[in-house]
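Peer 1: Take the two lone chains and join them into the complex the hints point to.
Going down the list, the sequences are from chains A and B.
Residue numbering for the first sequence follows this note's numbering, starting at 1 and increasing by one per position.
Residue numbering for the second sequence follows this note's numbering, starting at 1 and increasing by one per position.
Derived by calculation from the structure, the hints in this document are not laboratory data.
Keep in mind that the hints are not guaranteed to be accurate.
Facing chain B, from chain A, some residues (calculated, C-beta under 7 angstroms) [to be verified]:
id, residue
1, Gly2
2, Arg3
3, Val5
4, Leu10
5, Gly13
6, Leu15
7, Gly16
8, Ala20
9, Ser56
10, Val57
11, Gly105
12, Val108
13, Thr111
Over the 10 angstroms line for every Cβ pair with chain A, so calculated as not near, a few chain B residues [claimed, not checked]:
id, residue
14, Val41
15, Arg57
16, Leu71
17, Ala78
18, Arg83
19, Phe85
20, Val107
21, Lys124
22, Ala127
23, Trp129
24, His148
25, His176
26, Gly182
27, Thr192
28, Glu198
29, Arg208
C-beta: ideal position from N, C-alpha, C; glycine also.
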Amino acid sequence: MGRRVVLGTLGLGALGLAAAPALQSGLESFLGGAAGKDPTGLTGLLPNGGGFRYYSVTSSVPRKDESNYRLTIDGLVDRPASYTLDELRALPQTRMVRDVQCVTGWRVPDTPFEGVRLSRLLDAAGVRPSAGAIRFTCFDGAYTESLTLDQARRADVLVALRMQDKDLSHSHGGPVRLYVAPMYFYKSAKWLSGITVMEKVRPGYWEERGYDVDAWVGRSNGRDDEPTS
Amino acid sequence: MSPRVDTPAARSAPSARIRRFSRAERWVHRSTAVLMGVCVVTAACLYIPQLAELVGRRALVVTLHEWSGLLLPLPVLAGLASRAFRVDLTHLNRWGPHDRVWLRSAVRRLPGRRPAAKFNAGQKLYAAWITGATLVMLGTGLMMWFTHLTPLMWRTSATFVHDWLALTIGIVLAGHIGMALGDPEARKGLRTGSVSREWAEREHPLWRP
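Okay, chain B solo, but in the shape it has when bound (with noise of 0.2 angstroms):
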C-alpha cells in the first residue's frame, strides 16, 4: 500500500506547506496595497481638518494622492502577464452554488465550517467590488484633476461621488485588513506564497491546489 498524501499523519505534519500565491502575485498585492496605502493616507491629510492642519504642505499631499491614484491598477495591469494570477481572476470570478452556502452562513454568523474553493465567496466580491470602486475613484479623480475636460455640472457631482466612495472605501479597507489581522495564516499565504494543508482545509475545503 502506497503512502497518500492526505492520510492524517501527511495532514498534520508541520512540513505540509501548500502554495497558494506565486512570488508575481505577491508582489501585485504588495504594490497595490502600497499604491492604497499612499491614497489612503494622503486623503486623510488633505480632508481630515486636525491631519490638514498638522501636515499642511498642501500641493504635495495632492501631488502623492494623484500620482499613487493613477497608478493604483498598474499592478494588477501587470499581473496580467502572469498565469498564475490570471489563472486566480477566473476563480474568484466563478461562482458557485457553495459560495452561496458560504455567504449565508458567514451574514448569519452561522457556527462550523463554511465551504470554499481557493477563494471563499467574501473574497469574491470584495475583489470585484474594490475593483469596481477603484475604477470609479479614478475616473471621478481624473475629472477633479484635469478640470477643463469635463463640463462643469461633471465635476461638482464628481467631487461628491469621489467623497462619499471614499468614505465608504475606508471602511471596507478597514474590514479587509481587519480580517486578514486576524487571520496569521492568511496572512503568511501572501507573505511567503505557501498556507499549512490544515489551514487550507478548514478555511478552503472545496480548493484543489
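Only chain A is shown next, with the shape it has when bound in the complex (with noise of 0.2 angstroms):
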C-alpha cells in the first residue's frame, strides 16, 4: 500500500511535467486575471501569480534619491562623467513597452519603461577606438553586468528611471537601473551607479554563476521564449 502510494506519488509528478506546458500558460492567465481583482495580493505570491519577484544577491542595499545618486562613465572615454539623477532626467527621455522575461520563467507582459538610451550617455562621453565592451556596476556593491558594445549602442537598452509609468522604486532597482529590452531581466541590472567602458566583455555576477552572457530571450539559457524585443 505505501509503495503504491510513493509511485503514485512519483506518477503524478512525471505527469504533472509532462502537462506543464498547458497547465502553466492556463494558470497563467487565470492567476493573473485574479489577481487585478484580489485587494489581498495573495494570488501574487502563488506560482504563476503574475507580477515581478525581487531577487537580490547581497544583504541589504543602500537607498538612493537626489541627494545623494550618482551615475558614473568612465574607462575607455575622452570624457569621463558623473551624472545626478536631476542631470538624467534633463536628458531627452524614450519611453519602451514590452514584454518582461526572467530567466527563471516568469513573464510580464506590456511593461513601459522610461529613461536615456544609453548611446546618448556613450556618444557623450566619446567612446575611444579600442573599446569593445561596457561593464555595469551597482551601488549594491556585488551585482555587475555586461554588454558588449554593438549590444550597448542598441535604441532599446536604456539607462531607466521610470518603469509603469511611475518613478522607479527601490525594490525595482531604483532609482536608476539598466534595461536591456531584448535580452533575460538579469542583464537589467538594478541600482546602476557605474558604467565602465573596456576593451573585452568582462561576465557579471549571474554570469560567472553559468548564465549566458548573450542572453538574447528565446535564443540563450537553453530556453525558447518568445523574444521581448
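Peer 2: As C-alpha cells, then:
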C-alpha cells in the first residue's frame, strides 16, 4: 500500500512535468486575471501568479535619491562623467513598452520603461576606438553586468528612470536601473551606479555563475521564450 | 496467580513506558526534520518577495537550499542500516482492514477510538506521500540546478512542478507539525523513544510492541 502511494506520487510528478506547459499558460492567464481583482495580494504569492519577483544578491541595499545618487561613466572614454538624478532626468527620455522575461520563467507583459538611451550617454562621453564592451556596476556593492559595445548601442537599451509610468522604486532597482529590452531580465541590472567602457567583455555576477553572457530572450540559456524586443 | 502486565494497575502506573522508537530511528527523524526545515525556510526566502527583500544574499540562500535538498534523503537511506527502522518501514507499507476504518472515521471526524497498529492510516499515507513528493522535488530540483543536463522544455516544466508541489508540501507539512503540537505524548515518543502505555492503548490499540 505504502509503496503504491509512493509510486503514485512519483507518477503524478511525471504527469505534472508532461502537462506543465498547458497547465502553466492556463494558470498564468487565470491567476493573472484574478490578481487584478484580489485586494489581499495573496494571488501574487502563488506560483505563476504574475507580476515581478524581487531578487537581490546582497543582504541589504542602500537607498539612494536625488541628494546622493550618482551615475559615473569612465574607462576608455575621452570625457568621463558623473550624472546626478536631475541631470539624467533633464536629458531626452525614451519610453518603451515591452514584455519582461526572467530567465527563471516568469514573464510580465507590456511593461513601460522610460529613461535615457545608453547610446546617448556613451556618445556624450566619447568612446575610444579601442573599446569593445561595457561593464556595469551597482550600488548594492556586488552585482555587475556586461554588454558588448554593439549591444549597448542598440536603441532598445536604456538607463531607466521610470517603470510602469512611475519613478523606479527601490525594490525595482531605483532610482536608476539598466533596461536591456531584448535580453533576459538579469541583464537589466538594478541600482545602476557605474558604466565602465572596456576592451573586452567581463562576465557579470550571474554569468560567472553559469548564465549566458549574450542573454537574448528565446535564444540563450537553453530557453525558447518568445523574443521581447 | 502471577500478576499480568496488562492489569489496570499496571496500565496506569507512570513507570509503565513502552519503547516506540530506537535511537537510530529518532536520529533519522531529527536529521530529516532539520534538512526539511532548512529547505522550507530557504525556499520561503527565495520565493516570498517580502522575505527575499529582507534576507537578500540570493547566491548563499540558493546554495543552502540546493544542498539541504540534495541531502534530504540521506538520513532515511542511512537508517536502512538499522533493523528497527526497516521493521517500521514494513509496518508503514502494510495496509490492513482497520486502516480503512481509521481513515473513514478520521475523514468523517467521528468521535471515539480509531483502530490502529503501530502506525495509523494517516501516518502511513503521510509517510508514503512525503517520500514520493520528496523524490519528485529532488528530481525537478536537479533539473533546475544542472540546467545543461536536460532538454529545455523539461526545465520550465520542472520549475512549474517544483513550485506547486512546494506549496502543497508546505500545507501538508504544516498539518504534520500541527498534529504533533497537539499530541505531546507522540512528541515524547520521538524525543525519548518511549510512550506511556495509556497513550499507546488509546491511540494504537492494535499495536503489540
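Peer 1: Each hint: holds or not?
Peer 2: For each hint, the structure was consulted:
The restraint placing Gly2/A at the interface with chain B holds, with a minimum CB-CB distance near 4 angstroms, inside the 7 angstroms limit. About 6 angstroms separates the beta-carbon of Arg3/A from the nearest beta-carbon of chain B, less than 7 angstroms, and the hint is met. A least Cβ separation of about 3 angstroms between Val5/A and chain B falls short of the 7 angstroms threshold, and the interface hint therefore holds. Checking Leu10/A against chain B by beta carbon gives a least distance of about 5 angstroms; that is within 7 angstroms, so the hint holds.
Checking Gly13/A against chain B by beta carbon gives a least distance of about 3 angstroms; that is within 7 angstroms, so the hint holds. Interface hint at Leu15/A: violated, since its Cβ lies 9 angstroms from the closest Cβ of chain B, which is beyond the 7 angstroms cut-off. Interface restraint check: Gly16/A against chain B, minimum CB-CB distance 4 angstroms, threshold 7 angstroms, status holds. Nearest Cβ of chain B to the Cβ of Ala20/A: about 3 angstroms, under the 7 angstroms cut. The hint holds.
Hint status for Ser56/A relative to chain B: holds, with the closest Cβ pair at about 4 angstroms, below 7 angstroms. With a least beta-carbon distance of about 5 angstroms to chain B, the hint placing Val57/A at the interface is held under the 7 angstroms criterion. Here the hint on Gly105/A is kept, as its CB sits about 5 angstroms from the closest CB of chain B, short of 7 angstroms. At about 13 angstroms, the closest approach between the beta carbon of Val108/A and any beta carbon in chain B exceeds 7 angstroms, and the interface hint on this residue is violated.
Residue-level restraint check for Thr111/A is violated (minimum Cβ-Cβ distance to chain B is 17 angstroms; threshold 7 angstroms). At the 10 angstroms boundary, the C-beta of Val41/B stays outside the reach of chain A, the nearest C-beta of that chain being 16 angstroms off. Not every CB of chain A is more than 10 angstroms from the CB of Arg57/B (nearest about 5 angstroms), against its label as outside the interface. The Cβ of Leu71/B sits about 20 angstroms from the closest Cβ of chain A, beyond the 10 angstroms cut-off, so the non-interface label holds.
Residue-level check passed: Ala78/B sits 19 angstroms from the nearest beta carbon of chain A, beyond 10 angstroms. At roughly 18 angstroms, the least C-beta separation between Arg83/B and chain A is larger than 10 angstroms, which holds for a residue marked as non-interface. Once the 10 angstroms rule is applied to beta carbons, Phe85/B is consistent with being away from chain A; the minimum gap is 14 angstroms. For Val107/B, the requirement that its beta carbon stay farther than 10 angstroms from each beta carbon of chain A is met, with the minimum near 16 angstroms.
Its beta-carbon lying about 6 angstroms from the closest one in chain A, Lys124/B breaks the requirement of being farther than 10 angstroms from that chain. For Ala127/B, the shortest C-beta to C-beta distance to chain A comes to about 7 angstroms, within the 10 angstroms cut-off, and the non-interface label is violated. The claim that Trp129/B lies off the interface is violated: its Cβ sits roughly 6 angstroms from the closest Cβ of chain A, which falls inside the 10 angstroms cut-off. Distance check on His148/B: its Cβ comes as close as 7 angstroms (rounded) to a Cβ of chain A, failing to clear the 10 angstroms threshold; non-interface status is violated.
With a closest Cβ-Cβ approach of about 15 angstroms to chain A, His176/B is found to remain outside the 10 angstroms limit, as its non-interface label requires. Every Cβ of chain A is farther than 10 angstroms from the Cβ of Gly182/B; the closest lies at roughly 24 angstroms, confirming the non-interface assignment. Non-interface call for Thr192/B relative to chain A: holds, since the shortest CB-CB distance, roughly 26 angstroms, exceeds 10 angstroms. Non-interface call for Glu198/B relative to chain A: holds, since the shortest CB-CB distance, roughly 28 angstroms, exceeds 10 angstroms.
Non-interface status of Arg208/B relative to chain A is upheld: no Cβ of that chain comes within 10 angstroms, the nearest being about 20 angstroms off.
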